[in-house]
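Engineer: So you can see what is in the structure, the chains are spelled out below.
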Amino acid sequence: MNPENSNTAQDIISDSAALLELSNVLNASTDLDFILGNILLSCMGKLLVARGVVLVEQGERCYHIRSMKGVREIEMQKEFTLETGWEQVQHIADIRASESAAVREFARCCANCGLEIVIPMRLDERMVGIIGLGGKITGKEFESADRTFLESVAAVAATAVRSALTIEELRLVNRRLDTKVQEMNTLFETSREMNTTFDTDAILRIFSYALMGQLRVMRFAVFAWDGVKLRPVLVKIPDFAVDSDALQSLMDLRETILFSDHRPPENEIERVLHDAGIHTVVPMLSQNQPRGILCLGERIGGARFESLELEYLHALANIASSALENARLVKETIEKQRIEKELSVAKTIQKGLLPSDIPDAEGYEIAAINESSQQVGGDYYDVIALSDHEYVLAIGDVSGKGIPASLLMANVQAALRTIAPLRLPLPEATARINALIHNNTGIDKFITFFWGILDTRVHSFEYVNAGHNPPYLLHEGSPTRALDTGGLILGIMATPPAYESELISLGEGDTIVTYTDGVNEAMSKDMEEFSDERLAELIEECRPLTAQNTLQRIRDDVLAFTEGATQSDDITMLVLRRKPV
Amino acid sequence: MSEFSVGIRQRDTISVLDLKGYLDAHTAPELEKAFEKQLDDKRYNIVVNFSDLSYISSAGLGVLMQFIEDVRKNEGDIKLSNMSSRVYNVFDLLGFPMLYEIFNEEDEAVKKFLNKTENLS
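Here the protein sequences line up with chains A and B, keeping their order.
Be aware that the first sequence starts at 1, since it is given in the working numbering, and climbs by one per residue.
Be aware that the second sequence starts at 1001, since it is given in the working numbering, and climbs by one per residue.
Worth double-checking, as some hints may not be accurate.
[Stated by the list, open to error] Lysine-lysine pairs mimicking PhoX-like chemistry, simulated, CA-CA at most 25 angstroms apart:
id, chain 1, residue 1, chain 2, residue 2
1, A, Lys-236, B, Lys-1042
2, B, Lys-1073, B, Lys-1037
3, A, Lys-236, B, Lys-1111
4, A, Lys-236, B, Lys-1116
5, A, Lys-69, A, Lys-136
6, A, Lys-236, B, Lys-1033
7, B, Lys-1116, B, Lys-1073
Simulated from the structure, these hints should not be mistaken for laboratory data.
Assemble the whole structure, with the sequences as input and the hints as a guide.
Structural biologist: Structure follows, in structure tokens:
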């Protein structure tokens, strides 16, 4: 044995004591950084070395730098993938000539930061880590005793490092599991809360909580499909001026866009969003249908989304999307029901206002019809007996539809029934009705109105036409003529120019046909109007008919013309005829 | 039904919010109201005491996030104290300890505010 290389008994005892102590310290801890720090300090203190690093295996043969001492200007990569390890202490100089490019690169990095030797930490035929040390500050070479000591340290360390790594990994797995459980809890809670409300604001509030609380995103904008287009429903980004129409092209988006150096904006709208501070664009799907776009600003703390977080984000976006879509559909249904209810109320009011019985006027026939359209148009007619020989006949068309129109109709009826019995001259009576209507309604409300008084003793009919479709007079021996004397429609001016009336004499068989624009403007399936001309021709043919038959004939013709097409206006007619002898 | 309540105390210039019960998406609006009140009253030094809070979901953290910018813009802060390990775990998992100062005891949080005020004057 070469005495220069042999260890003295004293050295061996001292080394053993140091190793035992190190082993005790390392095995008492599960903190990897503490363990590695101690390994380095033991080696460096014992061998008088000023610099050292430890790499540990994290992932298959992938070694990460985990602890450093005395190494400042580190030019090392963070990790190395080394296919083969070493059995013993290696001089960096020796492994620089390795066949493996990865090992050569590793050796180059080690040399760069002043390391001279590397010691493999081996356990069960596997290299769990690498200790790298610089040269001795005394300038002496590492002796074989040093190598023996280092290999012993590495053997002691390997067990402790492996245990600590396993525990660390377990902690990580545990934490991932906790995170996943936490995410599931949030999803469950979010979904539960969102599904118990159809209030869009509440849904968006819960959505905001999850985005801020779970994902640490403070700036975001939600665009939702309203059945026609995308609309911004929640924007928590100051000065965010992205036009929702421009976002339309993103409705095809199926994958989340995460802007980065590797994924820069690819088109105009992406550039606009990116410039507005958007980092992430998420499609919001409901039952796999695109229903919105979620734009997210930077995360607080700056971290990018990890793949697990992205899964969560997608699930969250889709839950919110479904909830918003459901709320929209519910709202739509309620609105539809409300309209239907309103229409049925309007219909009831209208029917209640029309006379249930038309008084018998001696020597005359009076027939009337009102067929309300889908929307309830606000047509009105009335026949009132003033005495045994005087009768008021009226027909009108109120502006608007639905309940407002039927209420206005009630107003007109009240005015007419109040004023007609006063026996004022017709023009003045009309002016009074106008004043009443005008005072009780807004300027956007008006009524076209035709009314007259029939005297069955002298066979006269005096009328005023306040802007209503001119009724037709069929007079024996004369061509059909329109009754258009009167004045302005009711309700738009407080004091319109004076109304005029016309007094006509009714001969035997003479007929007056009054109607509303639901008749002459009835639409065919091809969107053609029934028209005044067609109506005038038709009425001409009705000369020999009774009032009831005239009414029936016109109605049948109009129905045949429209072929069941939905009409937007009521069809109302009031026909007066002096019976022939 | 989950129960949650917020008590508000004043300690010097500091508002202390005592959270009690179960804080989730359902009860979060309560906490939101309490914060809104502080901001309306221009009280920006806020300590949230979690000692009686049995559960927090991310919605609760969402509320804290919602107000932190406004509060800090006004030279104030929201500091947190007395969390059970269960509640702290949620903060930790969601990466909140780097965004908020979390203290074991309310007094420490209050002291931190008071020291800062003294240093300023």
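Engineer: For the pair supplied as a hint, Lys-236 of chain A and Lys-1033 of chain B, confirm whether the alpha-carbon distance does not exceed 25 angstroms.
Structural biologist: Holds. Lys-236 of chain A to Lys-1033 of chain B sits at ~19 angstroms (cutoff 25 angstroms).
Engineer: Tell me if the straight-line CA distance from Lys-1073 of chain B to Lys-1037 of chain B falls inside 25 angstroms.
Structural biologist: 17 angstroms, holds
Engineer: Within 25 angstroms, alpha carbon to alpha carbon, are Lys-236 of chain A and Lys-1042 of chain B?
Structural biologist: Given that 25 angstroms is the threshold and the Cα spacing comes to 22 angstroms, the pair holds.
Engineer: Run the distance test for Lys-69 of chain A versus Lys-136 of chain A: straight-line Cα separation, threshold 25 angstroms.
Structural biologist: Answer holds: Lys-69 of chain A to Lys-136 of chain A is near 14 angstroms, not above 25 angstroms.
Engineer: Within 25 angstroms, alpha carbon to alpha carbon, are Lys-236 of chain A and Lys-1111 of chain B?
Structural biologist: 34 angstroms, violated
Engineer: Straight-line Cα separation of Lys-1116 of chain B and Lys-1073 of chain B no greater than 25 angstroms?
Structural biologist: At roughly 16 angstroms apart (the allowed maximum being 25 angstroms), Lys-1073 of chain B and Lys-1116 of chain B satisfy the hint.
Engineer: Given the proposed pairing of Lys-236 of chain A with Lys-1116 of chain B, does the C-alpha separation stay at or below 25 angstroms?
Structural biologist: 31 angstroms, violated
Violated hints, listed in ascending order, are 3 and 4; each of the other numbered hints is respected by the structure.
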